[in-house]
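Peer 1: These protein sequence lines are chains D and H, in that order.
Heads up, the final residue of the first sequence is numbered 307 in the numbering used here, and it's a clean run with no missing numbers.
Heads up, the final residue of the second sequence is numbered 289 in the numbering used here, and it's a clean run with no missing numbers.
Calculated from the structure, these hints are not laboratory results.
A quick note: this is a predicted structure, and the numbers were derived from the prediction, not measured.
Among the clues, some could well be false.
Derived pair list, reagent style SDA-like, types lysine to any residue, alpha-carbon separation capped at 20 Å [said to hold, decoys possible]:
(1) Lys13(D) <-> Pro187(H)
(2) Lys57(H) <-> Leu92(H)
(3) Lys18(D) <-> Lys276(H)
(4) Lys171(H) <-> Lys280(H)
(5) Lys276(H) <-> Leu191(D)
(6) Lys113(D) <-> Ala189(D)
(7) Lys171(H) <-> Ala189(D)
(8) Lys190(H) <-> Tyr271(H)
(9) Lys113(D) <-> Met283(H)
(10) Lys18(D) <-> Leu92(H)
(11) Lys40(H) <-> Ser164(H)
Covered, in the sense of this in silico footprint (three residues per stretch, anywhere, with C-beta under 8 Å from a C-beta of chain H), are these stretches of chain D [said to hold, decoys possible]:
(12) 20-33
(13) 41-53
(14) 99-106
(15) 128-139
(16) 159-173
Idealized CB from N, CA, C, for every residue including glycine.
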Amino acid sequence: MMPEGRSNRLMRKLNKDKYLLLMQLPCLIYYLVFRYAPMFGLVISFKNYNLFKGVWASPWVGLKYYRTFLNSPDFFELLSNTVLLGVTKLAFAFPAPIILALLLNEVTATFLKRFVQTVSYLPHFISNVVVASMVLTFLSPSTGVVNHYLKVLGFHPVNFMSEPGWFRPVYVLSEIWQHVGWETIIYLAALTAIDPQLYEAARIDGANRWRQTLNITLPCMAPTIIILFIFNVGDVLDIGFEKVFLLASPAIYSTADIISTYVYRVGLSQGNYSYAASIDLFTAIISLIFVFTANFLARKFSEHSIW
Amino acid sequence: MKKPQFSFMSLAIGLVLLLLAASMIYPFLYMLAVSLSGDKYVIKGAVTLIPKGLNTKVYRIVLDDPRIFTAYRNTILYVFVGTAISLAATSLGAYALSKKNMLFHTAFTYLIVFTMFFGGGMIPTFLVVRGLGLVDSIWGMVLPTAISTWNLIIMRTFFAGFPSELEESGKIDGLNDFQVFYYLVMPVTKAIFATIGLFYAVGIWNNFYSALLYLRSQEHFPLQVVLRNIILAGQVRSSNVTSVGGDQLVVEESLKYAVIMVSTLPILLVYPFLQKYFVKGAMIGSVKG
C-alpha cells in the first residue's frame, strides 16, 4: 500500500510541475552533458585512452599516469609556478578591490566617485586577448611605451616578457588593472548596507575616520570578504588559462608555465589525453581540498562560511 | 579642529583615485592616438595623447584585410546565436529553479552548485565536445559555454523576488507555468533579461578559449583568434600590408593598435550606455553570492 501511495503522490506532483520541469529540461541537459559527462570522462586518467577504442574499451592502467606526473621532472616546477602565481594573485589582487572600495567610500564628491567607478569597470569588458596584446606591445623592448619612458628617464630598457622574473608581477598587475573596478561593486554594495547609526555612535565616542574604518567598516564587510576569500582560495590552482597562455612564451616557461597551460600542451597539442586528464583530476581534487579547508577554517574562526 | 586634516586626506584620496582612473583609460586613448598618427611621429615616439599627423591609413589596411572581415562576421553570428540560446536556457531554468516547491528542486540546485567547485577539466570536456561532433562548427563556440552558473543564480534570485500573488492570479485564470512565465513574468523582468543577455554577449564576443580548443579552420575563426594571430603570433603582414613604407617595426605598432581598436570598438562604444545594467547585474549577483 505505502509504495503505491507514494508513487501516486509523485505522479500527482509530476503532473502539477510538468511545465516547470519542462522549462528546467534544457538547463538540466546542459549540465549533464557539458558539466557532468566530463567528470565521468575523467575515468580516462586511469586508462590508456585510445582514440579508436573509445573511453570504455581502452585498457585500465590504474595510477600509472599519476605516478608519471608525480615523478616527472616538470612536476615540481609546474606545481610551484601554479601555486606561486595563485598565491601572489591572492595576496595582491584580492585586497585591491577592498582598498578601492574603502577609498571610494571616503569620497564625498558624487561626481568624482561616479567618474572613477565608470572608468574602472571598463577593462573588465575587454577580452584577455586584447589585454595580453596591450601588455606585450606596451612592454616591448624596442617599440613599447614603457621602455620608451624608461629610456627617457635614463634607465636601461627591460625585456619584460622574456625575463622569467618579470612574469608574475606583470601578470598580477594586469589582473588588478583588469578586474579591480568590477570586483569593487560587491564591496560597495556591502558598504551601503552598513547602518549609519554605527558611525554616529563612533563619532560621539571620539573615533576618527581611520578608527571608524578599522572598527566599523571592516568588521561589517567581513562576511562579504570571507566568502569571496573562500571562493578565491579555491581558484589558487585554477588560474585563468587564457591570459597565462597568451602571455607566456617558451623563454619564460620557468616561471610562466602553469598546470593548465601544460595540460593544454600535453593533452591537446600532443594528444596525450589520459596523461593530461590525470593532471586535471589531480588539480581539481587539490582545489576542492583548498575550498573545504578554507571554508572549515572560516567557520571555525568566524561565523561566516559558504556552507 | 579636525577640518584641515580631513580635507588633506580627501585631497590625497581624490588624487589617488584620479590617477587610478587615468591608468584605466589612458592605454585606450594612447592606442587610439598612435593608430591615428603619421608614421614619422610614431617612430619618434612623439605621440602621447593627441594624434599627430592625423590619418586613417592603418584603419583602411585593417578593414581591407579579408581575415578581419570574416572574423567580424563570425563573431557577430556567434554572439547572436549564442546569446539567444544561452538566454533562453538560462531564463527558463532559472525560473523553474526559483520555485522552491518544484519537484526535485533541492536535487537540481545541488547538482548545479556542485559544478562551481568541481569540474571535469579541459581534456574530458574536449572529448565530450568532440564526441558530439561539435568541433570546428559554430556549435562548439556556442553550446559548451551556454550556461554560466553565476548568471543562472543571478536570474533565479531575481525571479524569486517576483510577487507570487500575480502568478497565482494567472494560474487561477488558467495559465500554465510556461504561460505565466511568458505573459506575466517576462514583461515585468525585462531588465534582468537585458542584463544577463549583455553578460552573455560580451562573454561570447571575448571568448578565445572555446575557439582555441574547438575550432580548426580559418573560415570559422572569431575576432579574438585573428587578433591573437595578428598581434601575438606576429602575422601582421598578410597580403597587402607589405607595401607600407617607413620603419616597418613602428608601423606594425600602429597597425596592431588599430586592430585592437577595431575589435574592441563595439564594446567601447556601447559600454557607457550599458554600464548601469552591468552594475545592476553584479549587484543582484552579490546579494546572495
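Peer 1: Any of the earlier hints contradicted here, and which numbers?
Peer 2: 1, 2, 3, 4, 7, 11, 16
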